[in-house]
Amino acid sequence: MTELTPGAALEPLTYEITRADLVAYAVASGDHNPIHQDEEIARAVGLPGVIAHGMYTLALVGRAVAAWTDEAEVIELGAKFVAPVVVPAEGAARVTVAGTVGERNDDGLLALALEITADGTKVLGAPKVLVRA
Amino acid sequence: MPIDASLVGRAFPPTSPVPVTTEAVTAFATAIGGGATDAVPPTFPIVVTFAALQDFLAAEQVELSRIVHGDQRFRYQRPVVVGDELSATLTVTGVRSIGGNDIIATSSEITDATGAVVATATATLVHRGGAA
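These protein sequence lines map, in sequence, to chains A and B.
Numbering-wise, the first sequence is residues 1 to 133 according to this note's numbering.
Numbering-wise, the second sequence is residues 1001 to 1132 according to this note's numbering.
Any given hint could turn out to be false.
Okay, derived cross-link-like pairs now, EDC-like style, lysine to aspartate or glutamate, Cα gap no bigger than 16 Å in a straight line [as the list claims (entries may be wrong)]:
hint, chain 1, residue 1, chain 2, residue 2
1, A, 80, B, 1071
2, A, 128, A, 115
3, A, 128, A, 76
4, A, 128, A, 73
5, A, 128, B, 1071
6, A, 122, B, 1071
7, A, 128, A, 103
8, A, 80, A, 115
Simulated from the structure, these hints should not be mistaken for lab results.
Based on the provided sequences and hints, a complete structural model is requested.
Printed below as a string of structure tokens:
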């Protein structure tokens, strides 16, 4: 657990996503959109290949927040999906969640200012995380 | 097929209740690379939110493969716990067209078995147009 002082850097955490993870996530979440499974369908609708569910990437943010805050209660969590995370047929995509501790608001809730990248490309825009910590 | 802009403001019927079981939470947590747990991941309510989105897309005869998730935000009133039974009621809050794509904004109220609001989920869906 990181010291949650405003401005403190949060240790970057990197997670891997494989095609098998996407299959398991589709079953667990109910999101069976074929763009997350089938290369041909993904390309047919103009995507660069099989992409991770946006919510998979946001779930990794949730994991990072839990790790940094010792599983603090999450009050707000969200982001824009600004670039796809392409998951190769072999190997894995790597998503890194990094950032700093933000300010505490009037209700005592703590914001985290995060950057979420895959191979150096920003994949989540305007991420918002608010925790009771 | 473009999305009908007159949908804005329409609330769709609540989803069937989704029970939050240890098995469901463990499957979700394992899929995102964690282990077996009773701690419910904060994005777990996407399960019932997605059910509401899917009901909406089916009602509007929109093909799921043409949908890309644009934005998703949750605001929680309390943590979701094992034993909860969640339903989501989706309202379309906006439809606009940009460069041949329709951008559909939605807000879903996630309630427990007593009807109390557990979380509000807002989502933007991008309906990719173009030749089928």
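Now for the hints, and whether the structure bears them out:
Restraint check for residue 80/A and residue 1071/B: the C-alpha separation of about 4 Å stays at or below 16 Å, so the hint holds. Straight-line distance between C-alpha atoms of residue 128/A and residue 115/A comes to about 10 Å, which keeps the hinted pair within the 16 Å bound. Restraint check for residue 128/A and residue 76/A: the C-alpha separation of about 7 Å stays at or below 16 Å, so the hint holds. Between residue 128/A and residue 73/A, the direct Cα distance comes to roughly 14 Å. Compliance with the 16 Å bound is thereby established for this hinted pair.
Of the supplied pair hints, the one linking residue 128/A and residue 1071/B holds, its CA atoms being roughly 11 Å apart against a limit of 16 Å. Restraint check for residue 122/A and residue 1071/B: satisfied, since their Cα atoms lie roughly 14 Å apart, inside the 16 Å limit. For the hint linking residue 128/A to residue 103/A, the alpha-carbon distance of about 12 Å falls within 16 Å, and the restraint holds. A threshold of 16 Å between alpha carbons decides the hint, and for residue 80/A with residue 115/A the separation of about 12 Å falls inside it, so the pair holds.
Going through the hint list in order, the structure satisfies each hint without exception.
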